[in-house]
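Peer 1: Construct all of the structure, not just a fragment, from the sequences and the given hints.
Number of protein chains: 2
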Amino acid sequence: MSYTVKTIEWRGDEVVMIDQRVLPLLEEYIHHATWQEVGDSIRKMVIRGAPAIGVATAMGIALAAMQSSATSYEELKKDLEAASKGLFATRPTAYNLGWALQQQQEIWGQPGDPDDIRAALKKRSQEILEEDIAMCMAMGEHAAPLFPPGARILTHCNAGALATAGYGTALGVIRSVFQRDPTIHVFADETRPFLQGARLTAWELQKEGIPCSIITDNMSGYFFKKGEIDAVVVGSDRIAANGDVANKIGTYTVSVLAREHGVPFYVAAPTSTVDLSLADGSRIPIEEREICEVTHIGDHQVAPDGIAVRNPAFDVTPHQNVTAIITEAGVHREPYIESLAGIKKGK
Amino acid sequence: MSYTVKTIEWRGDEVVMIDQRVLPLLEEYIHHATWQEVGDSIRKMVIRGAPAIGVATAMGIALAAMQSSATSYEELKKDLEAASKGLFATRPTAYNLGWALQQQQEIWGQPGDPDDIRAALKKRSQEILEEDIAMCMAMGEHAAPLFPPGARILTHCNAGALATAGYGTALGVIRSVFQRDPTIHVFADETRPFLQGARLTAWELQKEGIPCSIITDNMSGYFFKKGEIDAVVVGSDRIAANGDVANKIGTYTVSVLAREHGVPFYVAAPTSTVDLSLADGSRIPIEEREICEVTHIGDHQVAPDGIAVRNPAFDVTPHQNVTAIITEAGVHREPYIESLAGIKKGK
Numbered sequence: 090m091s092y093t094v095k096t097i098e099w100r101g102d103e104v105v106m107i108d109q110r111v112l113p114l115l116e117e118y119i120h121h122a123t124w125q126e127v128g129d130s131i132r133k134m135v136i137r138g139a140p141a142i143g144v145a146t147a148m149g150i151a152l153a154a155m156q157s158s159a160t161s162y163e164e165l166k167k168d169l170e171a172a173s174k175g176l177f178a179t180r181p182t183a184y185n186l187g188w189a190l191q192q193q194q195e196i197w198g199q200p201g202d203p204d205d206i207r208a209a210l211k212k213r214s215q216e217i218l219e220e221d222i223a224m225c226m227a228m229g230e231h232a233a234p235l236f237p238p239g240a241r242i243l244t245h246c247n248a249g250a251l252a253t254a255g256y257g258t259a260l261g262v263i264r265s266v267f268q269r270d271p272t273i274h275v276f277a278d279e280t281r282p283f284l285q286g287a288r289l290t291a292w293e294l295q296k297e298g299i300p301c302s303i304i305t306d307n308m309s310g311y312f313f314k315k316g317e318i319d320a321v322v323v324g325s326d327r328i329a330a331n332g333d334v335a336n337k338i339g340t341y342t343v344s345v346l347a348r349e350h351g352v353p354f355y356v357a358a359p360t361s362t363v364d365l366s367l368a369d370g371s372r373i374p375i376e377e378r379e380i381c382e383v384t385h386i387g388d389h390q391v392a393p394d395g396i397a398v399r400n401p402a403f404d405v406t407p408h409q410n411v412t413a414i415i416t417e418a419g420v421h422r423e424p425y426i427e428s429l430a431g432i433k434k435g436k
Numbered sequence: 090m091s092y093t094v095k096t097i098e099w100r101g102d103e104v105v106m107i108d109q110r111v112l113p114l115l116e117e118y119i120h121h122a123t124w125q126e127v128g129d130s131i132r133k134m135v136i137r138g139a140p141a142i143g144v145a146t147a148m149g150i151a152l153a154a155m156q157s158s159a160t161s162y163e164e165l166k167k168d169l170e171a172a173s174k175g176l177f178a179t180r181p182t183a184y185n186l187g188w189a190l191q192q193q194q195e196i197w198g199q200p201g202d203p204d205d206i207r208a209a210l211k212k213r214s215q216e217i218l219e220e221d222i223a224m225c226m227a228m229g230e231h232a233a234p235l236f237p238p239g240a241r242i243l244t245h246c247n248a249g250a251l252a253t254a255g256y257g258t259a260l261g262v263i264r265s266v267f268q269r270d271p272t273i274h275v276f277a278d279e280t281r282p283f284l285q286g287a288r289l290t291a292w293e294l295q296k297e298g299i300p301c302s303i304i305t306d307n308m309s310g311y312f313f314k315k316g317e318i319d320a321v322v323v324g325s326d327r328i329a330a331n332g333d334v335a336n337k338i339g340t341y342t343v344s345v346l347a348r349e350h351g352v353p354f355y356v357a358a359p360t361s362t363v364d365l366s367l368a369d370g371s372r373i374p375i376e377e378r379e380i381c382e383v384t385h386i387g388d389h390q391v392a393p394d395g396i397a398v399r400n401p402a403f404d405v406t407p408h409q410n411v412t413a414i415i416t417e418a419g420v421h422r423e424p425y426i427e428s429l430a431g432i433k434k435g436k
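Chains as they are written, first to last, in the working numbering: chain X, 90 to 436; chain D, 90 to 436.
It is possible that part of the hints are untrue.
One copy or two, it doesn't matter: identical chains are merged, so the pair holds either way.
Cross-link-like lysine-lysine pairs, in silico, DSBU-like; alpha carbons within 30 Å at most [as the list claims (entries may be wrong)]:
1) K133 x K296
2) K314 x K133
3) K314 x K212
4) K95 x K212
5) K133 x K315
6) K95 x K314
7) K95 x K315
8) K314 x K166
9) K167 x K212
10) K167 x K211
11) K133 x K166
12) K95 x K296
13) K315 x K296
What the hints contain is simulated information worked out from the structure, not anything from laboratory work.
Peer 2: Next up, the structure:
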């Protein structure tokens, strides 16, 4: 159950994140002393992945409390309301962001001594980090028996240690499968435009010695058709009550290909990703990001000046295409409207 | 029926090609005085696209004849056999390459005066270029009525003027549709790893003022699902007798998405792309190219050192996913085994 990547952590009263924009060529760490800096890093994707964004958000609120010169509860509350609003606006799709704000609000929403609240917010953010790792490991345990011996597993984007507090959701599952069966092989979609697969998933798997081949996003159909993919596992940014799954752009296409070829399609995500307030995926907000992510790769321009671009960052996979959803509570199957509702009730 | 791009042409006794590796940022032309230089440019994808490769090959054989110091027919034949073998080995999937070699062999296969053969080979290569443009324009005329008013058309890779002697196959169709209906909109898949869509298709469409948005290859599923794509048109590198279509990697995935969403999927290619010697697509050779195309974008490294990569350059779309194949002879539909056989017979 080992993993070697530190995505985000407290060092003293600073929040330190590995800069996911410059991996795998550079391993640089950014220090954050304010919630505004954390918000900036979420927006610019220094840190990304719904569970990791949740941890960063909780830590951001703790920083906001430390920044605040408030001596009364009312003053502190005002500052934390502003910080919550600012952090909420950074990325619209990740449900864990709002979930983490709510976790912290349960603390600062109750009147109390400002210094006690400051300490409690920091402590809770560290708990969220540790709970996240524990949930990822539990997902791995639940999911590992689903994979056949020597499985060739496709994953899309990075749902790894880097997308979480550590270990990973989809890559956590792959880590757990690999511990039982070192003969597996992973296909990592490169995942344009941000290249989370080529840059982050490949880097994580290489560090752990898990056999892996990078492919471009348009190649998986070729390997599905040749019978070279036995299973798919991806993470999620938000799951609706009926099991519709928002995840990185391109996930929907992979799900269509998987169903076309009779290959199981698994989603691994903590229950904090499940948004029971949404009946289905049609109302999950989908972020459109800047066009330069598509027209440029690093500093390298790949498209003509002035060309139009569309850049939706996520898509929604309908529950009919999802073989099972794996959370820390277990393996959930259709009808998700029941199996997911049950899990949240139990919490 | 205008187009402004010169892909390949004779200038005196040199073959001049626009360098498709550095577009759209640079517009550079490479001069070729030998068949070996032409072979090198085909292999390195200075020129690409099956019909353009066909023209380049025919011109390469003409250059080989000019290079040869042969004074007898037998000597010349020996030199041209060597050049044919060398050119044939450059790219395995494009059927037009072998077709162009055969066209030229019909000339040099007959004993004759070496200088007469030299002149005839050059003349034939120019004819192939002109015929190719005429065929593209005929395809456009046949196909244009298939598209609804204001059609939003997805294309993959570049099957444009740059992939042919001029005008284009799939982009020729789009040019012809646009002349009738300036309200159309094109989605251009960026087409990793070589980025033919972002670099070449976007550049061609922008030059002609045809409205176009670039998307990454994993985004089309999102737009299909939202009902924002009305038709697909792509080119082809080789078509089997049953209508199975080899084309740029990722085409198969687009065809699966099109069928899933009830969107017509058209293939535009000259009859010289149809290989009646292959009963179906399973025996079309698929080139795997160098891994650096995936690990790097331009000089920019995007993947960790030493990572494994798969890089198939083409895939095969089964005829069941193809709504119609458009050649210079007309619009062909199932059963392709009959409709395609008829066309070749008529030539």
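Peer 1: Which hints, by number, does the structure contradict?
Peer 2: Hints 3, 6, 7, 8 contradicted; others consistent.
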